[in-house]
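*Asks:* Sequence:
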Amino acid sequence: MFSRREFLTATVALGALTGSGLSGRWSRAAAQQKLTENDLLGAPDFGNLTLLHVTDIHAQLKPVYFREPSVNIGIGAVAGLPPHVTGADFLKLYGIEPGTPDAYALTSEDFGALARQYGKMGGLDRIATIVRRARAERGEDNVLLLDGGDTWQGSYTANKTAGADMITAMNVLSPDAMTGHWEFTYGTDRVQEAIDSLAFPFLGSNIFDNEWDEPAFEAWKMIERGGAKIAVIGQAFPYTPIANPSWLIPGWSFGIRDEQIGLHVEAARAEGADLVVLLSHNGFDVDRKLATRVAGIDIILTGHTHDALPEPVKIGNTLLIASGSNGKFLSRLDLDVSNGRLNDFRYRLIPVFSDVIAPDAEMAAVIDEVRAPYADELQRVIGRTEGLLYRRGNFNGTWDDVICEALLAEQDAEIALSPGFRWGTSLPADSDITVEDLHTVCAMTYPAVYRNTMSGEMLKTVLEDVADNLFNADPYYQQGGDMVRVGGLAYAIDPTKTIGSRITDMTVLKTKAPIEAGRDYVVTGWASVNEGTEGPAIWDVVESYLAKNPTVSPEENRSVTVKG
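Mind the numbering: the sequence shown is residues 1 to 564 in our numbering, read in order.
Everything labelled a hint here was simulated from the structure, so no lab data went into it. Since no wrong hints were added, every one of them can be taken at face value.
Taking CB as the label site, the calculated pair distances span: (1) E140 to D505: 54 to 60 Å; (2) R384 to G262: 49 to 55 Å; (3) W212 to D540: 37 to 43 Å.
Just so you know, these numbers come straight off a predicted model, no measurement behind them. Backbone N, C-alpha and C define an ideal beta-carbon position, used for all residues, glycine too.
Could you put the whole structure together from the sequences, leaning on the hints where they help?
*Replies:* Right, here's the structure in full:
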């Protein structure tokens with residue numbers, strides 16, 4: 001009988017042999033064949049260049065559980081297109097059989113049950129194994145590794161070290177370049193200090209110095225690999241000073257600035273670039289539109305919206321690659337590049353099953369070292385969950401519900417608002433909740449909890465504004481993230497409408513009374529972008545709540561009704 005490691009190795013490796021990364025054609029063979037890590041990570045000798053991409057790791061050094069969204073609504077021209085396809089529809093679209101490793105990795109279908117079967121995913125030591133093998137087999141001069149950002153933030157240890165734990169580990173992994181987003185929430189001085197400590201370039205073509213109106217970072221870099229010249233253009237999250245506190249980075253302005261990208265493409269081609277790669281943290285739909293506006297980009301490595309797609313999306317002559325989040329996946333592109341152009345490619349989205357891929361010894365030692373000072377606190381148990389805790393999805397997740405319940409109870413408020421961050425790992429039913437688990441959903445540099453009054457009219461304005469950031473038909477007006485999570489409040493939303501008319505039927509859950517525009521309500525929340533916000537840290541509020549309510553029993557949230 002197979003162990004879990006043996007079963008996973010067999011089934012995932014069989015998928016790799018098909019060349020598509022999909023499991024539908026091979027899952028029936030799993031019970032009859034036993035394959036090894038070599039089969040999973042081995043690749044045909046194709047082309048002259050191998051491009052590897054990771055993004056949105058969010059400081060997860062160790063393997064994690066992460067449930068993909070069951071709701072990911074696309075608006076306008078992208079409705080029903082990847083990545084706005086989830087669950088059973090996703091399985092059908094890509095020919096993936098339910099219950100297989102790919103079904104577990106790529107969808108929310110039967111996640112709770114499959115998590116027990118297939119285990120955790122990710123771990124920077126496993127990613128290091130994949131990278132090291134590719135470099136050994138293809139030759140270091142033929143492999144290009146790029147990091148899409150959101151790397152230094154999202155864990156207890158990253159918060160304690162201001163990202164130094166991740167920087168230490170990533171210097172060992174040695175990517176050829178990175179860009180960023182949440183990195184900037186450590187503030188100007190720390191960002192500059194951190195970039196100076198990197199063993200590789202930090203690229204940001206769309207970040208300008210406010211005083212001089214000139215680029216604040218290196219915009220792009222020409223790298224030679226596989227006998228080809230590759231221009232890598234960095235694109236940081238364009239709405240960083242809006243989605244995050246601008247007072248942390250007062251000297252820098254951001255933006256999509258696609259006209260600047262076009263100029264960089266032209267300059268790169270003039271300098272003999274055979275391949276142009278945009279290392280982007282725009283979000284998938286923004287990059288999909290950008291690909292129609294900027295000619296000459298061969299590959300966009302997209303990030304920010306945490307989408308994981310097993311096949312590239314082609315827009316004109318541009319390939320869009322979505323590599324997921326939290327270290328669950330690594331994208332591998334084997335490319336035939338010559339005579340100034342991309343001739344052909346092979347693509348695989350490699351699922352990083354931690355029970356299949358052996359950890360890299362050097363990286364594992366580094367991870368243990370940077371975590372050692374915090375080991376006891378990370379493992380400290382603060383509660384238990386009887387049901388699955390998750391966040392990712394357009395509307396409330398069960399982790400968000402726990403946070404909102406804690407806010408309502410501890411702050412004695414009528415309504416709770418919790419930000420719709422897409423980062424935050426999952427936790428299976430019947431699991432202890434540790435300090436580390438809690439911090440994966442709230443570790444940040446502006447965690448203060450506020451309590452104030454807000455009129456019903458202002459509450460609606462807040463919901464409408466966030467909805468427009470998410471559901472605006474023009475992707476260039478979308479800022480990523482998901483809807484603000486609510487506690488004590490129910491509402492209906494029609495994403496197909498325009499700002500001011502999407503939110504209706506707002507009621508107070510406790511009394512079932514309609515929200516009155518002219519009445520003030522006691523509202524609590526956290527992660528305000530306003531400078532000087534005072535209050536306890538969100539993790540202290542949740543831990544205090546769990547001390548009084550040590551077992552949580554999450555249920556499906558029915559406070560949001562989706563129309564249209």
